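Participant: Each chain, letter by letter, is given below.
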Amino acid sequence: DFVMTQTPLSLSVTPGQPASISCKSSQSLLHSDGKTYLYWYLQKPGQPPQLLIYEVSNRFSGVPDRFSGSGSGTDFTLKISRVEAEDVGDYYCMQSIQFPVTFGQGTRLEI
Amino acid sequence: EVQLVESGGGLVQPGGSLRLSCAASGFTVSSNYMNWVRQAPGKGLEWVSLIYSGGGTYYADSVKGRFTISRDNSKNTLYLQMNSLTTEDTAVYYCASSFDIWGQGTMVTVSS
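Those protein sequences? They're chains E and B, same order as listed. Mapping of the first sequence onto the numbering used here: position 20 corresponds to residue 20, and the numbering continues sequentially without gaps. Mapping of the second sequence onto the numbering used here: position 59 corresponds to residue 59, and the numbering continues sequentially without gaps.
Don't read these hints as lab results, they were simulated from the structure. Hints may be right or wrong, so weigh each one.
With a straight-line cut-off of 30 angstroms between C-alpha atoms, the simulated DSSO-like cross-links for lysine-lysine are [as the list claims (entries may be wrong)]:
no. : chain 1 : residue 1 : chain 2 : residue 2
1   : B       : K43       : E       : K79
2   : B       : K64       : E       : K24
3   : B       : K64       : E       : K35
In this text, all values refer to a predicted model and were calculated from it rather than measured experimentally.
Given these sequences and hints, build the entire structure.
Facilitator: The following block contains the structure:
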């Protein structure tokens, strides 16, 4: 199975400051079709996960541009340029290049 | 508006069965691949099962042979039949369309 490892597991950020979360995969997420199947989600307290970024760096519809994703192969990063109070929650990376689909352990962002 | 609404959760004894439903609106379940993902209390996300638009299905090893994913195109609804439930299956179960749109989830509690 593809093991997804996130760091840090928790993050405390002052509003207006940047934040960064790393996600490392045990194997390359680059598919033969040229796409890299790495997603980022935010799960706000008491809510289902919401998609932020798909295929490494594409922001999903309605996601603020303060969120950005980067990386390739096995190393990926989610960056928040200026954290806002509404960004509190658990962040997960996920790979879907191979079954079983697997998630990182999650990173809790606090203000 | 694209929406997914899960139902069918509840309290069931170990060894029992439950069928979850996920009603879709704003799109057709047969046009996308659909997933079930679960989250045990206080834990992270765990993928459970996927069904492709062509009908192919995949399962996590933890549920293989016990859970069955299916859909009813006429009702535009996704299902998860869960048999031989154990306490380890206690979780909120989410359905998700192509991993972008998620429902609010339905709680399944397996306890005697």
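Participant: For a C-alpha distance cap of 30 angstroms, please report whether B/K64 and E/K35 respect it.
Facilitator: Since the Cα atoms of B/K64 and E/K35 sit roughly 28 angstroms apart, the hinted pair holds (cutoff 30 angstroms).
Participant: Holds or violated: B/K43 with E/K79, Cα cutoff 30 angstroms?
Facilitator: The given pair, whose Cα atoms are some 23 angstroms apart, holds under the 30 angstroms limit.
Participant: CA of B/K64 to CA of E/K24, is that 30 angstroms or under?
Facilitator: 27 angstroms, holds
The structure fails none of the hints (numbered hints given earlier).
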